[in-house]
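> Chains A and B supply the protein sequences, listed in that same order. Residue numbering for the first sequence follows our numbering, starting at 1 and increasing by one per position. Residue numbering for the second sequence follows our numbering, starting at 1 and increasing by one per position.
Hint data in this document are derived by calculation from the structure and do not stem from the laboratory. Worth double-checking, as some hints may not be accurate.
[Said to hold, decoys possible] Stretch by stretch, here's where chain B covers chain A in the computed footprint (C-beta under 8 angstroms, at least three residues):
| id | region |
| --- | --- |
| 1 | 120-128 |
| 2 | 139-150 |
| 3 | 207-218 |
| 4 | 226-236 |
Glycine is no exception: its CB is placed at the ideal position from the N, C-alpha and C atoms.
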Amino acid sequence: MGPSPWTVRRAARENRDTVTLEVEPADGVGPCVFAPGQFNMLYLFGVGEAAISICGDPAAPRGLVHTVRAVGRVTNAICRLRRGQTLGVRGPFGSAWPVRDAVGGDVLIVAGGIGLAPLRPVLYHLLAHRGEYGRVVLLYGARTPGDLLYGRDLARWRGRFDVQVEATVDAAAEPDAWHGQVGVVTTLIARAECEPGETTAMICGPAVMMRFTVAELERRGLARERIYLSMERNMRCAIGLCGHCQFGPTFVCKDGPVFRYDRIAPWLRVREL
Amino acid sequence: MRTIDALLTDSTFFRGLSPDDLTMIAGCGSNVQFQAGTYVFYEGDPSDQFYLIRHGTVALEIASPDRGRVVISTLGPGDLLSWSWLLPPYRKQCDARAAGVVRATAFDGACIRTKCDADPRLGYELLKRLAQIMEEQLAATRLQLLDVYGTSA
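Just need the whole structure built from these sequences, with the hints factored in.
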């Protein structure tokens, strides 16, 4: 599958190194139907390709939304794109968050840093089908107040009476300017108002953060088979052929990025894997 | 108005203790309130009390000459504030600021220690519960030190 051309409709800076791009098909084809948790390969001609989660509303697939953090050559170039410029898109690829399996129970979403991006479509889906779920809880941790993503969404979700939203930062340099929590995201788990035996947890963030989060959730009685993680690896082909993203017996691009915890737990304990 | 015994049964920390134990602990407690911006205690103060937060947020801070006030963490409803009352030299190890109106139950540390010395079973039970909190906060601090959002994801 080759990339198709998409045009940047809007580029919004989220914080110092992260940009959210809204793109639309340059040739007018579409829509791009995707499931929450899937990703696209974004291709910049002459620069390279990067796997980026889709973070828009799955019920509005006419355009695509991607939040990109500038951490390397390709992502730096993508973050410099402006309205009207073109990039290539391949996808969508990968597995999805289990929004159907979670129906009828509570849903606990734990996001760290840019890990909120692949979970945002889950929030959109849950809130569009709010009556099908029990309690919905979002626990979100970032490095500093300035690193928090999607300020408008967070405010809107907080303004509802049917979603519990808790945010925390690892460090607040200006104590008088930040009135929220300070501490790592795992410290919020005790505040989550959900029933451990009836809860599906979806986690995305740095690997260490996910490890600590899983340990805390297990300690509080969540079943391993109801905990899901989105793994990040170096993805190249996105179709399970090149082997760059091999993780134990799986390929993150094809079998993931969303995995049920009990199915990958042994590989998470293998160092340097 | 609810009695301190009744307030204690609501808290995770004291949940499961016998009514006699709760009554004994409640005898060392009193309800207190702090206005936004006031300090519950400062680093170096005698640690003669600890608190069960019932409402509001308390910021734990360390003052640094070059960085000013640095918030290390925040505590909220249900959290226990301070454990330096338990061990010598009984001195507070950081500043605690009420980030908004805070309502809490304050416990006289010496009173609790005396009762625990007289009843080692109760003392061991409380110590296990405190150790659990310390373990959780140590794990959180380790994760915080890793600065996991600094380099990836």
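> Work down the list of hints and note, for each, if the structure agrees.
To see whether the hints hold, each was checked on the structure:
no.	hint	result
1	120-128	violated (count 0)
2	139-150	holds (count 4)
3	207-218	holds (count 4)
4	226-236	violated (count 1)
Hints 1 and 4 from the earlier list are contradicted by this structure; the remaining hints agree with it.
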